[in-house]
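Participant: No gaps in the numbering here: position 253 of the sequence shown is 253 in the numbering used here, and each next residue is one more.
Be a bit skeptical, because a hint or two may be false.
Simulated crosslink set (EDC-like; lysine to aspartate or glutamate; CA at most 20 Å straight-line) [said to hold, decoys possible]:
1. LYS85 - ASP145
2. LYS169 - ASP142
3. LYS150 - ASP289
4. LYS205 - ASP142
5. LYS85 - GLU59
6. LYS56 - GLU42
7. LYS164 - ASP86
8. LYS85 - ASP165
9. LYS150 - ASP165
10. LYS169 - GLU300
Restraint-style ranges between C-beta atoms, simulated for each label pair [claimed, not checked]:
11. THR38 - ARG275: 36 to 42 Å
12. ALA217 - ILE94: 43 to 49 Å
13. LYS56 - PRO282: 15 to 21 Å
14. HIS232 - LYS56: 28 to 34 Å
15. LYS169 - THR133: 27 to 33 Å
16. THR38 - ARG259: 44 to 50 Å
17. PRO162 - ASN209: 18 to 24 Å
18. ARG18 - GLU231: 49 to 55 Å
Because the hints were derived from the structure by calculation, they are not lab data.
Idealized CB from N, CA, C, for every residue including glycine.
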Amino acid sequence: MQATEGNSQPARAAQPVRRPSLNALRALEATVRLSSMTAAAEELSVTHGAVSRHIKSLEDMFGVALLARGARSVQATPEGARLAKDLSSAFALINASVEQLQPGPLTLSCSSTIMMSWLIPRIGGFHARHPDTELQFNMNYDRIDFVRDKISVAIRNNMIEPPKDVVIKDLIDEWIGPVCSPDYLAAQAIETPADLAHCALLSTKTRPNGWRDWIAAAGLDMSVTPQNSYEHFYLLIQAAACGLGVAMAPKMLVLDDLRSGKLVAPFGFVPGPYRLVLWVAPHLRLRADTRALVDWLTSEFRKPGMQDEAIESLAGPAR
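Taking the hints into account, I'd like the entire structure generated from these sequences.
Facilitator: Printed below as a string of structure tokens:
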């Protein structure tokens, strides 16, 4: 029945669309990303109960389960995983936009060994050239989230998978070789690679195939079994300097010790299977301080002695 002009009814006001709270969405994204409500609560500086209530409110609003809760862990349902993935992208975009308008300090990420053995002895040159630039450090050698971790530039080995959309700048080949203390070299009478068979060979858990990589790169027909493994390269290098054996190390990490005579490299170095690269945060690549750091690092890495230049005067003639 059609309404006449005399009895027309007023149009019904549109019902407001319910929107989930931003805090609830942040709680879900963090929980799925970290696979833990406890970890999400720590990251967001709230209680475990608050995270749980936020996620329950989303499930009630959407009418679907977003998490499968176990006794000790939580897993995202397909719906929860899909929503969390989109939220991660959205939050990253928001953070990147804010960072461009209100940039934080310049932050360089690298391993603790690179920091101790290579960067700290040289970083004064960067500060002298850019005295007004605040530079912070993040000691990490794995994958990173540039926005979440607030990283500007990272020094990495190309064996590590880079983040999506990262700007990659190639640096140098990683040259590798055996190193030991001068006293250990003399005591063991190391003259040929075959002499390594009666030496204590040292390795690191971060590069368990280091000796195998060197043998292949040097074209040697031999097999060795390292006796001692250290958690990090800086511990490995210190052990070699203390006369505990022969370590397999990248040249860049021992260059200063070779120059000082603390270590020797009886067979020199050969190009290994990996390269060093810089990862640059895509949303910070145009910042003046980011460009300055990238340019300085590139220049330092390409100085003489970093890779293929001879070191016979430092380590004795290669045999």
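Participant: Sort out which numbered hints this structure fails and list those numbers smallest first.
Facilitator: Failing hints, ascending: 13, 14 and 15.
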